[in-house]
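Asks: Residue numbers (full-length UniProt numbering), protein chains in the order written: chain A, 1 to 455; chain B, 1 to 455; chain C, 1 to 455; chain D, 1 to 455.
Because the hints were derived from the structure by calculation, they are not lab data.
Certain hints may be false.
If the Cβ cut is set under 7 Å, some of the chain B residues that face chain A in the computed set are [what the hints assert, rightly or not]: (1) Asn-47; (2) Ser-166; (3) Phe-315; (4) Thr-404.
All residues carry an ideal CB built from backbone N, CA and C; glycine is no exception.
4 protein chains.
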Amino acid sequence: MANQHPIVEYTSQASWAMIEDKFSPYAKETLAKLIKFYEEEILPARNLAHAQLPTDEVQRWKTVIPVIEELKGKAKKLGLWNLFLSKAHYPEYGVPLTNLEYAVMAELLGRAGHMAPEVVNCSAPDTGNMEVLAKYGSPEQQKKWLVPLLNGEIRSAFAMTEKHVSSSDATNIRTSIRREGNEIVINGHKWWISGAGDPRTKLHIVMGKSDPDNKSSYNQQSVVLVPTDTPGITIVRPMRVFGYDDAPEGHCEIIYENVRVPLSNLVLGWGRGFEIIQGRLGPGRIHHCMRAIGAASEALDTMLRRVTDPSRKTFGKYLHEHGAVIAEIAKSRAEIEGARMLVLSAALQIDKYQAKGALKEIGIAKFVVPSMALGVVDRAIQAFGAEGVCQDQGLAKAWAGLRTLRIADGPDAVHIQQVGQRELKRAPGLVKKATALAQREKAAFDKAGIKKSHL
Amino acid sequence: MANQHPIVEYTSQASWAMIEDKFSPYAKETLAKLIKFYEEEILPARNLAHAQLPTDEVQRWKTVIPVIEELKGKAKKLGLWNLFLSKAHYPEYGVPLTNLEYAVMAELLGRAGHMAPEVVNCSAPDTGNMEVLAKYGSPEQQKKWLVPLLNGEIRSAFAMTEKHVSSSDATNIRTSIRREGNEIVINGHKWWISGAGDPRTKLHIVMGKSDPDNKSSYNQQSVVLVPTDTPGITIVRPMRVFGYDDAPEGHCEIIYENVRVPLSNLVLGWGRGFEIIQGRLGPGRIHHCMRAIGAASEALDTMLRRVTDPSRKTFGKYLHEHGAVIAEIAKSRAEIEGARMLVLSAALQIDKYQAKGALKEIGIAKFVVPSMALGVVDRAIQAFGAEGVCQDQGLAKAWAGLRTLRIADGPDAVHIQQVGQRELKRAPGLVKKATALAQREKAAFDKAGIKKSHL
Amino acid sequence: MANQHPIVEYTSQASWAMIEDKFSPYAKETLAKLIKFYEEEILPARNLAHAQLPTDEVQRWKTVIPVIEELKGKAKKLGLWNLFLSKAHYPEYGVPLTNLEYAVMAELLGRAGHMAPEVVNCSAPDTGNMEVLAKYGSPEQQKKWLVPLLNGEIRSAFAMTEKHVSSSDATNIRTSIRREGNEIVINGHKWWISGAGDPRTKLHIVMGKSDPDNKSSYNQQSVVLVPTDTPGITIVRPMRVFGYDDAPEGHCEIIYENVRVPLSNLVLGWGRGFEIIQGRLGPGRIHHCMRAIGAASEALDTMLRRVTDPSRKTFGKYLHEHGAVIAEIAKSRAEIEGARMLVLSAALQIDKYQAKGALKEIGIAKFVVPSMALGVVDRAIQAFGAEGVCQDQGLAKAWAGLRTLRIADGPDAVHIQQVGQRELKRAPGLVKKATALAQREKAAFDKAGIKKSHL
Amino acid sequence: MANQHPIVEYTSQASWAMIEDKFSPYAKETLAKLIKFYEEEILPARNLAHAQLPTDEVQRWKTVIPVIEELKGKAKKLGLWNLFLSKAHYPEYGVPLTNLEYAVMAELLGRAGHMAPEVVNCSAPDTGNMEVLAKYGSPEQQKKWLVPLLNGEIRSAFAMTEKHVSSSDATNIRTSIRREGNEIVINGHKWWISGAGDPRTKLHIVMGKSDPDNKSSYNQQSVVLVPTDTPGITIVRPMRVFGYDDAPEGHCEIIYENVRVPLSNLVLGWGRGFEIIQGRLGPGRIHHCMRAIGAASEALDTMLRRVTDPSRKTFGKYLHEHGAVIAEIAKSRAEIEGARMLVLSAALQIDKYQAKGALKEIGIAKFVVPSMALGVVDRAIQAFGAEGVCQDQGLAKAWAGLRTLRIADGPDAVHIQQVGQRELKRAPGLVKKATALAQREKAAFDKAGIKKSHL
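Same shape as in the complex, but just chain A (with noise of 0.2 Å):
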């Protein structure tokens, strides 16, 4: 087992097997490149990125954070940077990698909190902003915004949900879009904004209906680009997370109140906004179930060094010498490895239907890793009694960060209704199947001079 790819020491060698020979040599080679940057670069600043955010209730929503910045230079250098840009999709601005190849990549990246993947210049919200920008921008659109965003020197938001609506049906907002003249004027009142609390953050894509009375709920809604020094908006307060702020990004509560931008900000054309957001949660959520993948995983690993750790024995036992410890670390690889693998197929299908023609695939990641890093998360923090629950380990982060992804881009029970009739649509070409055996059935029946009667 010589001379693997060092991924196996982050996946599995049972993983890597089966996917080794779908990735090209550029993605082995920017994966080494990308585990040599993890390991040397991104993971020892972690802390420090934690420790340069000031805890003053103010200040922290006003920082830059240093070594995030260093960070983003370096990778950038190194050509890790943008990764989750395919070149297949993006021919312009993308990389060449395929969606299976970055999952990988994502999964790494997810071991390391919310930091890793902004210091390679891939973190939601950008990552999904730039895909609208790139697919359905106008080129002055394209050079203004997006052009910043893939060289992260701005940041952006994407202001969907709605406070006092269930915005997982769309056709709920209510934010109201419309044309004077020549402006746009936006009314509305939007929550869990992510990104719209980071002082980098230049551009707001905001979604709101511009024809509420057209009868088709799907072409009510357009969508608008926003520059966040418009007057009339009011960032009213960050949303916490469990006890959690998140800052300097947050999630906001934001009040746009006649906000006014000019009719050239409008994307790819009035009513058109439900074919855009559709069109931006294509891989975006595998990106978000790989990523929490890596969070499990690492969880994993945090586990077994604290149940293995001598100083950590009870009652002369080490912990793994307790209950059910060994049984759960078995549990929780195996429930990794199956997601995974779940995971990477959902992404193979991307890269070659395009995520419309992976939608089953897409919605079972969705609804089964959250859940699973969930448990994976749950039972490391178990392992480490009060200290699992606290500021000292990043578990109780990560395990509500995870917490937010079973809401997030459509809540388990719209994903799992979804598979559901997308099984049940096999159904009629099953009872055709049967129909056929009952006759091939009888034939034998009848050949071998027997009666059917009960089984």
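Assemble the complex: chain A is given as a structure, and chains B, C and D must be docked to it using the hints.
Replies: Structure of chains B, C and D alone, referenced to chain A:
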């Protein structure tokens, strides 16, 4: 079903029917009074108490929340005070309520978070500390510390858990408690000391090792009373629970460095620390469990309001008309009812046989209830979507608090092992019965003239 | 803890303490007598009864098992007879036991499989059929059928479930019951008719549609008494449960072809079939649940013997020293205790408010208990390895029987839905409370001079 | 998505995409041929084979089912024969298929119960026995036994498991194998010997202790070939699995009493029994797992037909419109997909590193798959109601067979422990990495001029 006690609205008709005949008239009346006070005073002040706590990092630890103090005064006047302290066990200081009777009250109080128990002077760790002082304190110690605690004039902390060691095995404790002339000198590094952040806290009850070489590991510990203004105590920082600091009480990391108190501050005697902490862990675990059931019940009620809210329809349907919501509600109700009966029966065992005679029942309650409550609250969070994980509903905070219950007072695994071991002790009796049965069976076969072979 | 009732060895001290004061002296004494009879007569005859049943496919359906008949005689003499029939509900025929009191006896009987309830004339479907006849039968019908059933001289079947339709929705039933002169003519195809294989069965109580066009789907059905020797009845085959045929009772497929009975065999009146089956489904479901708890308790006891058996050591350790066995035992104990309290509280609700007033509690018991018991038995099977799945232990057979409880008398999903719907009915009251609270809260904030904003 | 391989109808597009490039053209073609044979010959004969087995207790054990023999002839002609025996491992006898390639075929065969593998000469225990003979047999042994087994002319049994001892620890085995002159004499009491009931079975491969006092417990065993017509063999009875006797193969209890065979019937050499059984347990466990996945897939397809069947509506709705059915379908699909990928990746590891190099992956598959499949089949049973537990659908029988997989070839707990222990071995490497990281982190803090304290 007329004229039912108002508690059935908060628990259930079925569980009340099982215990009503075990309630004294006084207990029924007190319970009714408590419900009224809860509805008219406690609940309306819940968010106000939160609003009266400054958000500033420093100030929030120096604040005595006005509305809580005001309500404490009202509660005391109404006789809704120290309800946890059973006269049967503490004739001098207790109230005429059994553990079973108080358990039902604790469930109600648990619906409203930390604040409700405090208002009626029934909040941990003061409760356990008052028990320690009432049971083991000298008259002088009782006068100085127990009386003001019973009066709600001061608060207190119990300093046992240590950093760097697994203190779920109490023999691992390292804090040194040694005699030097007429003084006791304490050196140690504790953390997760609840209440230590509160400006009203005047007393730490500290456990440590006074005789580390004693051949019996159960005679090495002693317990000492340490006033908070003693030199040498450093509050290092509050530990956070999933991001929450639980100010002003907090759960603090504390260094005791050459802290000196007079000999008279020793509790019970040298080497009797283990005995004291065993005695302290009696009904307290049941109170935690009942409050957890209250938290779960409150979450279910909150979820019921949400899923029937017409403004929350998606895709034209109420939330409760989607997927598995109804099933989750039914399951939650069933789990709450079952768990409540388990804890109530444990409370009854304590009333009949003391905590020592109820260890199996307490152990079962301890590992069943927190997980159950976490599950119910998690479902409610999911029903609320993003709003469920944030500061606008009490759900995420309730979840985080409940999560610590799977660790505090012994992690799940310890209780599971102990209950399992107690079950194993039934095996010899069962084997004996099986042997007797085999003889009778043989006689039956003989009488019937049939040879017993395989079944 | 001296002088405890012997039942605590079969249930638990904790659950007995909750209900002891609800037992009459007569019930306590009868229970003690039943325990003695169970230990000295029933259990020793269990395998003998099995041995007295021929293995031959034909003969096993023609056999009256001698030892069972013998024990029935003894039980009747001891007054351990028809214990299920509560005098409170059936003053003329019943015994002076409440449902709660009988529930504890049913648990004990459930430990020994089908044979134990039969010995004390408490086995389904006779129990429900006796209730139907006692409640709705004419004096003549009672004399002819109820009296010999109460005497244990004959057995009976209840023919409702039909092949080809989902009869969990009773309006789907297709069997035709029509009047022709002074006769009733029955045509239909039933299956899963328990007891229909037994040579002692003399009566089928048949439900069918007498008025299929009635605009109320609840008035289309009637119930008719059909003696088993009436021409036109064909027993097609026994249905197997997993691989068991449950001879001699069986669960048979039956065709009724122009079966004719006199008009006087109609029960209660034309179109009142739905009313009758509703009335039949009362405490019976609770009895099933209690027997299931008995089966689970017996499985746990069996498992305890196995995992402490020195001859079953592997790799030098007792089975209970491996992996998660202790945890499984603890969990099983906790689940049994919780489930028992749920069913006992449902039984108490029936005693207080009739079955109609206890529908939520019955529903909870119905979907919680079988799954719980299946889990406990499955763990015991696993502890026994291959021996657990075979004929040498009662575990596999118990499992198969319990599995049908998730389907019989309404599948889990129906009960879950009904409990969930009942919970939803609490929502309006909760909303009202929340509205009142909001007003009080506003007043509290106003009084404190604080503006309530975000939390 | 045109021109996809027909296997995607039986597995999924997503899993096929992951492995298609690992299939040789021969394997793809053979797989397509197998699918055709499965649809046109095997499935139509499934119920016929059942009907050709007499129900009489004695005759069913003497029957060679005609249609199975007929299909065996057809399969051999088509080259669909001995597909399990990989040429890479058995160059002389094997077929040019990898374990991964056969795994997919095994899943398909697993959809149709025991009969399908037999038809293509791939059924246990013959498969493992052929491996033993091919790997360890002398040329003479191979000629006499292996060749007719490879030809499907005879069947065989593997006699290891013993009554009265826990044979999951092979050192517990008691059967005596001793040399007496030129003969080997065998005495022992085995049970659960699959295939021993079949009239075509001509060979028992018997494991026992030849050197019980050898100080190495791994050198005490030997393996001997015993023709079934040797005097001294008593087939006591078939063991039943949840009521099923699995005739004609059965799983028999056998007594060997002074059974004598020539010395040349010893396999490999004295004291090498442990080595042989280790070698036998290679890919076989993966085949079981793949068949289990096939059984689960078939159950899900069956469930899909049921819940969309208009004749099964209740209360005016399709079954899939009730409660949690859709969610159960989605969950089942996700579980099947994840489990399949786990087993396929284990098969790939075997192909790359032999069974020895794939122990973690095999272990994971072994404890994940049977439980997963049991869950899926159980949901299908529930969807069918009473029909699901009986003989009219294959579901209950499939469930019973799957249940034994949690016990056979090592109970779940053994595999869980082994996987957990293998994970623990990763800990030292992780600690080393953590130490290196701590140094780099310190350097990063130093460089930034920040003192690392608490996080």
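Asks: Hints first: check each against the structure and report whether it holds.
Replies: The hints, checked one at a time:
1. For Asn-47 of chain B, the suggested interface contact is broken, since its CB lies about 16 Å from the closest CB of chain A, more than 7 Å.
2. The interface hint given for Ser-166 of chain B holds, since its Cβ lies 5 Å from the closest Cβ of chain A, which is under the 7 Å cut-off.
3. With a least beta-carbon distance of about 5 Å to chain A, the hint placing Phe-315 of chain B at the interface is held under the 7 Å criterion.
4. Interface restraint check for Thr-404 of chain B: the shortest CB-CB distance to chain A comes to about 6 Å, inside 7 Å, so the restraint holds.
Against the hints set out earlier in the document, a violation occurs for number 1 only.
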